[in-house]
Amino acid sequence: MTLFKSLSAFALGAALLSSTAFAGEIILNSDHSDPAPKKAMEELIADFQKANPDITVKWNNFDHEGYKSAIRNFLTADAPDVAAWYAGNRMEPFVKAGLFEDVSDVWEANGLDEQLKSASASMTIDGKKWGVPYTYYQWGIYYRKDIFAEQGIEPPKNWAEFLAACEKLKTAGITPITIGTKALWPTGGWFDYLNLRVNGYEFHMELTSGKVPYTDPRVKAVFEKWGELVNAGYFNENHAAIDWQDAIPQMVQGKAAMYLMGNFAVATMKDGGLKEEQIGFMQFPEITAGIPMSEEAPTDTFHIPSGAKNKDDAKKFLAYLASPEAQTKMNATLGQLPVNNQAEKPADPFLSAGFEMLSNAYALAQFYDRDANAEMAKAGMEGFQEFMVKPDRLDAILERLEKVRARVHK
Amino acid sequence: MSNTVPSSSGFWKRNQQTLAPFLFLAPGMLMFLIYVLVPIFESIWISFHDWDGLGAMTWIGFGNYAELMDDDSFYTSLYNNVIWLVLYLLSIPAGLAVALFLNQTVTGIRLYKSLFFFPFVISQVVVGLMFTWFYAPDFGLFAKLTEVLFGSQIAVLADERYVTYGIIVAGLWPQTAYCMILYLTGLNNINPEQVEAARMDGAKGLKLLWYVILPQLAPATFIAMVVTVIGSLRSFDLVSIMTAGGPYGSSQVLSYFMYEQALSEYGFRMGYGASIAVVLFLIMMVFISLFIVRMLAQERNA
Numbered sequence: 001m002t003l004f005k006s007l008s009a010f011a012l013g014a015a016l017l018s019s020t021a022f023a024g025e026i027i028l029n030s031d032h033s034d035p036a037p038k039k040a041m042e043e044l045i046a047d048f049q050k051a052n053p054d055i056t057v058k059w060n061n062f063d064h065e066g067y068k069s070a071i072r073n074f075l076t077a078d079a080p081d082v083a084a085w086y087a088g089n090r091m092e093p094f095v096k097a098g099l100f101e102d103v104s105d106v107w108e109a110n111g112l113d114e115q116l117k118s119a120s121a122s123m124t125i126d127g128k129k130w131g132v133p134y135t136y137y138q139w140g141i142y143y144r145k146d147i148f149a150e151q152g153i154e155p156p157k158n159w160a161e162f163l164a165a166c167e168k169l170k171t172a173g174i175t176p177i178t179i180g181t182k183a184l185w186p187t188g189g190w191f192d193y194l195n196l197r198v199n200g201y202e203f204h205m206e207l208t209s210g211k212v213p214y215t216d217p218r219v220k221a222v223f224e225k226w227g228e229l230v231n232a233g234y235f236n237e238n239h240a241a242i243d244w245q246d247a248i249p250q251m252v253q254g255k256a257a258m259y260l261m262g263n264f265a266v267a268t269m270k271d272g273g274l275k276e277e278q279i280g281f282m283q284f285p286e287i288t289a290g291i292p293m294s295e296e297a298p299t300d301t302f303h304i305p306s307g308a309k310n311k312d313d314a315k316k317f318l319a320y321l322a323s324p325e326a327q328t329k330m331n332a333t334l335g336q337l338p339v340n341n342q343a344e345k346p347a348d349p350f351l352s353a354g355f356e357m358l359s360n361a362y363a364l365a366q367f368y369d370r371d372a373n374a375e376m377a378k379a380g381m382e383g384f385q386e387f388m389v390k391p392d393r394l395d396a397i398l399e400r401l402e403k404v405r406a407r408v409h410k
Numbered sequence: 001m002s003n004t005v006p007s008s009s010g011f012w013k014r015n016q017q018t019l020a021p022f023l024f025l026a027p028g029m030l031m032f033l034i035y036v037l038v039p040i041f042e043s044i045w046i047s048f049h050d051w052d053g054l055g056a057m058t059w060i061g062f063g064n065y066a067e068l069m070d071d072d073s074f075y076t077s078l079y080n081n082v083i084w085l086v087l088y089l090l091s092i093p094a095g096l097a098v099a100l101f102l103n104q105t106v107t108g109i110r111l112y113k114s115l116f117f118f119p120f121v122i123s124q125v126v127v128g129l130m131f132t133w134f135y136a137p138d139f140g141l142f143a144k145l146t147e148v149l150f151g152s153q154i155a156v157l158a159d160e161r162y163v164t165y166g167i168i169v170a171g172l173w174p175q176t177a178y179c180m181i182l183y184l185t186g187l188n189n190i191n192p193e194q195v196e197a198a199r200m201d202g203a204k205g206l207k208l209l210w211y212v213i214l215p216q217l218a219p220a221t222f223i224a225m226v227v228t229v230i231g232s233l234r235s236f237d238l239v240s241i242m243t244a245g246g247p248y249g250s251s252q253v254l255s256y257f258m259y260e261q262a263l264s265e266y267g268f269r270m271g272y273g274a275s276i277a278v279v280l281f282l283i284m285m286v287f288i289s290l291f292i293v294r295m296l297a298q299e300r301n302a
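Heads up: the sequence lines are chains A and B, in that order.
Under our numbering, think of the first position of the first sequence as 1, with each following residue one higher.
Under our numbering, think of the first position of the second sequence as 1, with each following residue one higher.
Heads up, a few of these hints could be off.
[What the hints assert, rightly or not] Label pairs and their in silico Cβ distance ranges: (1) B:Leu214 to A:Gly272: 37 to 43 Å; (2) A:Lys275 to B:Leu282: 57 to 63 Å; (3) A:Glu356 to B:Met69: 49 to 55 Å; (4) A:Asn231 to B:Leu129: 29 to 35 Å; (5) B:Leu115 to A:Gln245: 32 to 38 Å; (6) A:Gly272 to B:Val148: 23 to 29 Å; (7) B:Phe291 to A:Ala121: 56 to 62 Å; (8) A:Glu65 to B:Pro192: 52 to 58 Å.
Derived from the structure by calculation, the hints contain no laboratory data.
Here the structure is a predicted model, which is why all the values come from computation and not from measurement.
Cβ coordinates follow ideal geometry from the N, Cα and C atoms, glycine included.
Based on the sequences and whatever the hints tell you, model everything.
Okay, here's the thing in structure tokens:
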């Protein structure tokens, strides 16, 4: 039965992909294949159709990884009317190739410049808006509250306190920080935060957009701070062999105490057996005093491909997606934060802590692999991983990164 | 009108002998042309361009190749490919040993044979996953074992010194089974009279194996060699599953490097990927030509 279902769903999907949309129908491609995102999308589509009875939404749901290459094909070959993607430099290649439609008019008509203010900068390229953001989530340090209490550690507010806390944990035989760098991207979180705290948001953006060489002394200063953690052995060993999920059991078993991660890690920690009161959330500590605190908040978005056949109805969909009601409901299911600042505050303690932090943030970064050019991001994160294993190779790593930067940003 | 039909059937009758083979070959040739020959030349063409797969292609001549010569990852991949090539050949003697061991008449030998053949039947992806867990720090069997033996865990897949060897061991497991099957069929065709005669002359043990059995197994050895060499150059799935080229690119091989540059999430440098593919193709061509020359020579002798 399930096989038949999935087969027929597949056949249906294939048929939809090739069919041309008629008036009143929009085709939507997205990668909401995990259970919670899938449910959120189903609800969103149902509510949208209720609000707009004359429009039906045909939804093609892709596998998360496959989507990243599929989008390149369907945008050029047989464009849907709405497609999911990400903010920041991740959408730049499609914007530059003329594959995304300018949706500045949707923003203007619905007052989104005000309501989606926090994500406005990351949706803008060449002064135009290229999509509508609907969700983001905070990054920060998740820690074992009970272990901190046992060791008499207060959540550190600055670098000195942070190092002291690490030292205390290490002496107690607990790995201070857990991480799994096999998939590379978790290293990006550390680099981003260290750079945001050492040099600030403006420098971070200049660096990720390729305007500053990686051999700059300010970049070196970031790695100096990072090296203080690496050389003291505050990270778990063998992190290069494990995925981010595999780093969590360490924390659940009480062998490690802190994890710099996105909010999605909370669900995995709870699945692993941690109770809500055992998990604490704190903002990444201050390093250079006086630099305003910026945060990481990767934003997910929807766009209209320029090859879309039913752009009018697609714009209606984006307008609906941007509304406070839709974003409140959708993010309650997703377990993430609404971008619309008139949406309701989430009830979950971690989300409301994140909401608090992000609304007071000086600026929001998207994450290293979304802010930096894709090729640069790959080389960069590989370099970060190498640094975390062989910190003494720093100069060679930075020179290599500079070579890539010089080529990518000619 | 009426005389065109007999004339065309006359043409067919006259040339049937010469045309028939080409007609039978046509579907295969067409497929070969579309799926093999054209893509090869297309790849070579793309390798002279800077292209992201979406926008316009820019001609840069040998730019990609010049960059390749200056790329550390390329040399890492090339070096790893050589290690793969050399160590993967171990599966041939290993396969022969297992085949000789299994080539006896004992009750249930079919069961043992199928058990030994099992690793070749399961997908490479599954093999990769199994070995990843085997090597995994903290809970993997191998990591536990090294902890008992050396006092500290060795995380094979996180250490640039061991990672390639770790993956090759995983690859040898199914490849040995493959070579074993080739040798088992070869052993079935051994001429018993020759073995008998050799025994009468007093040959036994290694001497018998070296001078009587192995020469008769030459065709099997040849096929095993071809399959293993090409398999080692194509080693992609295990690298992709077990390490994704990591840690920091130290377990990359050319085929994975190409995939990463041209098709992965962070890549889409079609031109650069194509130039890697061309280099890999040239390396493979060396071996393939050697094999073909040998095969032609054999056919002429036969």
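Against the earlier hints, flag every one the structure doesn't satisfy and list their numbers going up.
Hint 1 contradicted; others consistent.
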